[in-house]
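Novice: In the order they appear, the protein sequences are chains R and F.
When we follow my numbering, the leftmost residue of the first sequence carries the number 1, and every step to the right adds one.
When we follow my numbering, the leftmost residue of the second sequence carries the number 1001, and every step to the right adds one.
The set of hints was computed from the structure by calculation and includes no laboratory data.
Accuracy of the hints is not assured; some may be wrong.
Unchecked claim - Chain R is nowhere near these chain F residues, computed Cβ spacing over 10 Å in every case:
1) Lys1058
2) Pro1159
3) Thr1256
4) Gln1346
5) Ile1348
6) Glu1350
Claimed, not checked - Each computed DSS-like pair below joins lysine-lysine, with the alpha-carbon atoms no more than 25 Å apart:
7) F:Lys1166 / F:Lys1185
8) R:Lys120 / R:Lys195
9) F:Lys1199 / F:Lys1090
10) R:Lys57 / F:Lys1088
11) F:Lys1185 / F:Lys1199
12) F:Lys1199 / F:Lys1166
13) R:Lys120 / R:Lys45
14) F:Lys1199 / R:Lys45
15) F:Lys1090 / R:Lys45
16) F:Lys1185 / F:Lys1319
17) F:Lys1319 / F:Lys1179
18) R:Lys201 / R:Lys120
19) R:Lys45 / F:Lys1166
20) F:Lys1166 / R:Lys57
21) R:Lys201 / R:Lys263
Built from N, CA and C at the ideal position, the CB exists for glycine as well.
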Amino acid sequence: MKPKLITKFKALSRRKKAGIGVASVLSAALVFSIPVAAWFTNQRKLADLQYVNSPSKLYIRAGHDEESQYIDLSNVQVTATSDTAKYYVFAVTGSNATYYNLQLAYTTNNQFEYFLYPAKENTGTAPAVTPMPFVPYTAHSETGTSGNYYYTVDASVITAQPENTPAADAHRIIDGTEITREGTAHTISAGFLNKDGDLIKAKKTTSGTIDYHVNTYGNTVSTENVQDCAEPLYWQARGIKSGMDTTTRELTDYYILEVNWAKAKKAIEDEGDTFTDNRETDVIYISVASSTGT
Amino acid sequence: MNKDVDGNGMGVTTADLPFEVAVSAPYTNSPDYSSLLQSQLSYNTSAHETSGNVGEIKCLMNDATADPTNPMRGMQPGSYGSITFMIKPKITGTYTIHFDIAAVGYHAEFETDNAGALQPNILKNTTVNGESVPVFYSLADYAELQSGIISELEAISSPTPEQREKLASAREDVANSPKASRFLKGHILFFENWSSSTKYYSDFIDPEIGFDRTYTFTADDVAGTMTAARTEELTVTLYWIWPNTFAQIVLDNGNTYLNERDAAMFGSTQPAISGQTPREKMIAYIASHSDLFFESTNAVFSDTIDPDSGEVTETAASKIAALIAGLSSNPDDIVPLNNGYNNSDQIIGENVQILFTEITASVP
């Protein structure tokens, strides 16, 4: 091996010989630096690794996980039936969200009450006697998922509330409700930020350090210039455990929104007036935000 | 030639360190952290104390917000915690020990099991041609890897939809990886002090400067016959937080932009240290390092340049400082700051899967 190398070296041009010379010197310098480095090792290191969670993505969508444009809250006809409530379905979908907060904000022109129930999707023929709350939903052919579905309370997810006697109320999301998803029960806190007792109308008052009137209308609009019913109510359910699939990290949780007019009807009839279909307009916002579960 | 590189013949002696660092055992975090530290970063994971042979050990970044019921236990905006380790004196004398702290992000590929399930705590262990390849990359290496993919894909004359999608995602990774690495410096904040009663932080550690602590090691310290109080003195606890919103840094508790979960990190009642309150120190740092905190197209975050002369008429730093200073009279100005901060959190979350925190203790 060695003689061959020397022969090769001799055969090289002068420039190349010089190049090899430089390369040899550099290699030597590199080898030298190894023991010298020990001189500078007057330090100690500590280290830790942490996983970083992927950002949560959350959306409000319609029944059968369709685009939110299909959320339909129309057709509230308070005199059409003897019922005092109508039900609608929407979905909380997304990925990488273990817990979330659901919020409702609405004006109170109609004095309606709104309630939420965790729901499940059912396919096939609806039962002859529909359990309330019950929402039929027809998926839209343009999304390629046409078909009929119906939504009922998912009693396996939500613990019944014993203090609510009517059957339909039993699974409403209220303060202290337990949501059990992915095998773990989680108690949520829920309630209004600016509603007191049976008052349906929002109060223009301050709660703690938060002034809800100022938060909604800013400092420049005085409370006198805002009609009582245009002060929105804020309701929040905090720390709902999501139905996120641990394999795909995705979630689709259905909810039934109840629009209830029992109290509004009673209030008007108690005054001797007739409860009619001529209603004012209300605005309702549904929003969802990821949370840590507390 | 070989004789020349013999280390024994060099007449160089290694300076003895006057201390070692130790952490308490046992660790409570997941064991696969250890295997990663050991196999890929050459950290000794069984030693709890450094020595001449073990220059680097593993400590625990206690995450006070970690949720053991959450299978994807990890850090996210809003996480906070502490790091505790002990100085073990070896040689008597007075020494100023310099500490550096760095949070470095890595990109990781996660393993899926046979059923296609994502295993949150198991990283992919890939072998290519019989040789194992890294399961996680430094963000710079990952950007380089993606650049290579971009050139390969761009060379294809008629790419398939999948190839086009891959190209778009590679381009995004190349653009965002260096950003994520930068934002980590401004989003994972380290402090020397935190009050358990007020929950306020103080003594922000500038990652470029680090911090010093001076100790006088006594014979008792070296012998290891220390009182509990002395042990406490030689224990270093650092506090870290990944603020969930920017408002936590600049606003006082009680402000409508804050709540119990995203509480203020500083209070206006905190005493000044070297002429600056802890919040003033933090704000001064943010104004001069805005590129570590905000991802935004809002004009506030870039220098105003005169289109004619090309001169900078107002720097981003002064605009941000003015915006923060004016928050008491214009409370809604927090919105662009919160948004810019939040956007950069998104970039961290999408590009960083593993966060590696390293503390270096050295004597000058």
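Novice: All hints are to be evaluated individually against the structure, with a verdict given for each.
Specialist: Hint by hint, here is what the structure shows:
The Cβ of F:Lys1058 does not lie farther than 10 Å from every Cβ of chain R; its closest approach is about 6 Å, which violates its non-interface assignment. No beta-carbon of chain R comes within 10 Å of the beta-carbon of F:Pro1159; the shortest separation is about 26 Å. Its beta-carbon lying about 6 Å from the closest one in chain R, F:Thr1256 breaks the requirement of being farther than 10 Å from that chain. Distance check for F:Gln1346 against chain R: the nearest CB is about 5 Å away, which does not clear 10 Å, and the non-interface claim fails.
Against chain R, the non-interface label of F:Ile1348 is violated: not every CB pair exceeds 10 Å, the least being about 7 Å. Annotated as non-interface, F:Glu1350 brings its C-beta within 10 Å of a C-beta of chain R; the closest such distance is 6 Å. Between F:Lys1166 and F:Lys1185 the CA atoms are separated by roughly 29 Å; this puts the pair beyond 25 Å, and the hint is violated. As the CA atoms of R:Lys120 and R:Lys195 are separated by approximately 30 Å, the hinted pair breaks the 25 Å bound.
Restraint check for F:Lys1199 and F:Lys1090: the C-alpha separation of about 35 Å exceeds 25 Å, so the hint is violated. Distance check on the hinted pair: R:Lys57 and F:Lys1088 sit about 46 Å apart at the alpha-carbon level, beyond 25 Å; violated. Taken as a hint, the F:Lys1185 and F:Lys1199 pair is honoured in the structure, with Cα atoms around 22 Å apart against an allowance of 25 Å. For the suggested pair F:Lys1199 and F:Lys1166, the alpha carbons sit about 45 Å apart, so the restraint of at most 25 Å is broken.
For the given pair, R:Lys120 sits about 53 Å from R:Lys45 by alpha-carbon distance, which is inconsistent with the 25 Å threshold. For the proposed pair F:Lys1199 and R:Lys45, the alpha carbon gap of about 28 Å is over 25 Å, so the pair is violated. Between the alpha carbons of F:Lys1090 and R:Lys45 the distance comes to roughly 17 Å, so the proposed pair stays at or under 25 Å and holds. Simply put, F:Lys1185 and F:Lys1319 have alpha-carbon atoms about 21 Å apart, close enough for the 25 Å limit, and the pair holds.
For the proposed pair F:Lys1319 and F:Lys1179, the alpha carbon gap of about 21 Å is at most 25 Å, so the pair holds. Distance check on the hinted pair: R:Lys201 and R:Lys120 sit about 31 Å apart at the alpha-carbon level, beyond 25 Å; violated. At most 25 Å may separate the alpha-carbon atoms for a hinted pair to count; R:Lys45 and F:Lys1166 exceed this at roughly 39 Å. Straight-line distance between C-alpha atoms of F:Lys1166 and R:Lys57 comes to about 21 Å, which keeps the hinted pair within the 25 Å bound.
With a CA separation close to 12 Å, the supplied pair R:Lys201 and R:Lys263 stays within the 25 Å bound.
Violated hints, in rising order: 1, 3, 4, 5, 6, 7, 8, 9, 10, 12, 13, 14, 18 and 19; the structure is consistent with all others.
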